[in-house]
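Protein chains: 2
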Amino acid sequence: MTDCCPSNGLLPVDEAIAQLQQAASSTLPRIEYIHVNQALGRVLAQDMVASLDVPPQANSAMDGYALNIEDIRADASFVLSQRIAAGTAPQALERGTVARIFTGAVIPQNANAVVMQENCQLLADGRVKILSWPTLNSNIRPQGQDIAKGDVILRQGQPLNAAALGLIATIGQDTVAVYQRLKVIYFCTGDELVAANQPLKIGQIYNSNGVLLHNLLTEYGFEAIDGGVIADNLTDTINTLQQAAQQADVVMTTGGVSVGEEDHVKAALTQIGHLDLWKIAIKPGKPLAFGSIGNTPFLGLPGNPQSVFVTFNILARVFLAYKQGQRHNVIPKPVPVACDFEVTKAQSRREYLRVQLVATADGMRLQKHANQSSGVLSSAVWADGFAIIEAHQTVQKGESVGFVSLNNC
Amino acid sequence: MTDCCPSNGLLPVDEAIAQLQQAASSTLPRIEYIHVNQALGRVLAQDMVASLDVPPQANSAMDGYALNIEDIRADASFVLSQRIAAGTAPQALERGTVARIFTGAVIPQNANAVVMQENCQLLADGRVKILSWPTLNSNIRPQGQDIAKGDVILRQGQPLNAAALGLIATIGQDTVAVYQRLKVIYFCTGDELVAANQPLKIGQIYNSNGVLLHNLLTEYGFEAIDGGVIADNLTDTINTLQQAAQQADVVMTTGGVSVGEEDHVKAALTQIGHLDLWKIAIKPGKPLAFGSIGNTPFLGLPGNPQSVFVTFNILARVFLAYKQGQRHNVIPKPVPVACDFEVTKAQSRREYLRVQLVATADGMRLQKHANQSSGVLSSAVWADGFAIIEAHQTVQKGESVGFVSLNNC
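Chains R and D are the protein sequences, given in the same order. Take the first sequence: its letter number 381 is residue 381 in the numbering used here, and every next letter is one higher. Take the second sequence: its letter number 248 is residue 1248 in the numbering used here, and every next letter is one higher.
In case anyone wonders, no lab produced these hints; they're calculated from the structure. Beta carbons are placed, not taken as given, at the ideal position from N, Cα and C, and that holds for glycine. One should not assume that every hint holds.
[Claimed, not checked] Beta-carbon label-pair distances, calculated as ranges:
1. R/Glu15 x D/Ala1089: 50 to 58 Å
2. R/Gln91 x D/Leu1234: 23 to 31 Å
3. D/Ile1202 x R/Glu15: 55 to 63 Å
4. D/Ile1202 x R/Gln121: 24 to 32 Å
5. R/Lys201 x D/Gly1294: 53 to 61 Å
6. R/Gly398 x D/Asn1197: 53 to 61 Å
7. R/Ala346 x D/Ala1124: 33 to 41 Å
8. R/Ile31 x D/Asn1197: 18 to 26 Å
9. R/Glu223 x D/Ser1051: 43 to 51 Å
10. D/His1392 x R/Glu223: 33 to 41 Å
11. D/His1392 x R/Arg127: 19 to 27 Å
For reference, chain R alone in the conformation it holds in the complex:
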């Protein structure tokens, strides 16, 4: 086991992220082709190039009347020569006349402006009076204004949200090249863990990390495989992890990576693979194990559910996202928000406080959950996001800190 940490013994969070990102970026997953209505949350596997202009022809931004501005005349009244609905091909505009036109409909040849219908008056004889004479190209959306043929509209490595998939549909494609989903098998360790619905003996607790990790993996677009609980002995741990490495793209565990005597994951990895045990300047969460079993990467999270929650969101997710081919929008951007609390005692680790956004008399403020040290997930459920308190930092009430939303809405 190597010790990767600088002399103070703690690896800064951003350095850990950078190392995880680098380790995950050496290879790319296989590509598969799927329908755009099945691709939400997947990662685009190639640049998407527009094969047409959007709009394909100049069109009208308004319901109104198309005309040629050089046809101006004293009474501003014109014969109505055609009607152009969206989706139809117009005739060339007969000069000296106007054409009824609807939003999205193609601008006819010879026309160079559209007057919105509110500025027109339909006369009793069927002619149209223009109440406000337009300027050149008024209310005309030029061909290719939104997308020009040849434009790269989305880049390889982009996560596909609803807007991105709608954009792909705009250029007439219903199939998209995405990276295969990463198969992540996860295990919980600890003889004290009991499955749901079983009676608890003294000293036992229910296993919540499995459900937490399953849903975190699912939420972020990975394929979660429940490996179960590994018994606290070395032989079982070795056998289970070796099989897992054949079965999945990444192996994860919770627990078993602290310095306690009862932790066998470290010992197992040392025998069947390679392990770095990182002491990271992160609170909650400190230890993170990172290594491999054969060619399969291994991530060992702490055993405390709050620590799992934070280290997954801040560290493990970054590794998995890069490993799955994502190259954009991986790391959320913190926004500065004023605190409604103070931090009087600086710490040696960066802390991710579970906070809510609350409208106060002083504006929107971050309020922290009263029990940050609890092992259970109540504060994570309650929270709108994390307030980032940097190592060695104190915070005065009203001062701003970085806030990262937990996307609970």
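Based on these hints, arrange chain D on the given structure of chain R.
For chain D alone, coordinates are given in the frame of chain R:
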């Protein structure tokens, strides 16, 4: 058709949201029982009450040694009388001795403090020397500290994210009561719309709203049913919408609700149901149709993809979430962030600008997409979120406005 709007003709966004919320809250969907690993994004259908204390017994917060603080003695050296691993039931502590104990293990009877192992020294004769004498209850997590039996740990109407599902697992449950997913059938209107992979004739464009809406509905946990494109004539529109209302919990359309002559959705709804056409003080998006076909609610969004994107996120989603039983975290909370741009011209509608968060020399700033007026979704893909510019508001560079994250990470 009633006109719901105040005298200035535009309904404020918050008032529209309040009306949609009220209309959606009169009934609740049916309940179903599913596994916690299948419940991500679903809505909890009943209060979740803890049937046990967590932790179930007082346990150790550290790896170390359990002792009784009254057993203090001059040489601070003690016989080691037992070893308590997590998950095992301890013997009562023999007074005058210490017990080896690991994180999460039950505190034995007679012990009232734990000394972390870093503050202990194992002597050659097997005894343990305590280097730093503890105070009462040091490093002990009391029974029920995190959750007390009888506590409501989650409330009816709560959306289930990974942390909430982990919390449910903490109390030993693997099944959860959730509301059935809302079935939403959606249609696009417009003779100019062409399905993917078909050649475009003059005046035609590819249908992107269908894919956009499908994925927005999916992303927010609704069941999306693709109804296809409704032809621009009244008979087809009536027939299609009547059938749809039998088939789904909510009917949605895009397009067909503006004031243009080519819009048949309004006319159809007037015949087969009830429709309010709201002119909302929102940009982009202005018109929103809200009504019913028999007992089935109807939502008609605008036809422009950017308007669909904004009105879905800000208005339609709120209706659908309440209709699906969600009662908490429905409406995202805007955080104040300083603008790197200015808004010199106040408008009559609240505008949702597509913005990115950018680290500048002045700190984190909102930068807006250059082309806010484009119909296509490029700016929505590019954006980290919306900057909310209130109606009748101008903004100076450096001034803060409300920012709502689009959850792109």
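*Mind checking the hinted window 53 to 61 Å against the Cβ distance between R/Gly398 and D/Asn1197?*
Check passed, 57 Å falls within 53 to 61 Å.
*Does the Cβ-Cβ separation between D/His1392 and R/Glu223 fall within 33 to 41 Å?*
violated (50 Å)
*asked:* Does the beta carbon distance between R/Ala346 and D/Ala1124 stay inside 33 to 41 Å, or does it fall outside?
replied: About 40 Å separates the Cβ atoms of R/Ala346 and D/Ala1124, which means 33 to 41 Å holds.
*For the range 23 to 31 Å, tell me whether the beta carbons of R/Gln91 and D/Leu1234 fit it or not.*
holds (26 Å)
*Holds or violated: 19 to 27 Å for the Cβ distance of D/His1392 and R/Arg127?*
Between D/His1392 and R/Arg127, where Cβ atoms are some 39 Å apart, the hint is violated.
*Between D/Ile1202 and R/Glu15, is the Cβ distance one that fits in 55 to 63 Å?*
Holds: the Cβ-Cβ distance is about 57 Å, inside 55 to 63 Å.
*Is the gap between the beta carbons of R/Glu223 and D/Ser1051 within 43 to 51 Å?*
violated (32 Å)
*Please test the hint of 53 to 61 Å on the beta carbon pair from R/Lys201 and D/Gly1294.*
At roughly 56 Å between Cβ atoms, D/Gly1294 and R/Lys201 fall inside 53 to 61 Å, so the hint holds.
_Is 50 to 58 Å respected by the C-beta to C-beta distance linking R/Glu15 and D/Ala1089?_
violated (43 Å)
*Do the beta carbons of R/Ile31 and D/Asn1197 sit within 18 to 26 Å of each other?*
holds (20 Å)
*asked:* Tell me if the beta carbons of D/Ile1202 and R/Gln121 are separated by a distance inside 24 to 32 Å.
replied: The hint (24 to 32 Å, Cβ to Cβ) holds, given that D/Ile1202 and R/Gln121 are roughly 30 Å apart.
In the structure shown, a violation is registered for the earlier hints numbered 1, 9, 10 and 11, in ascending order.
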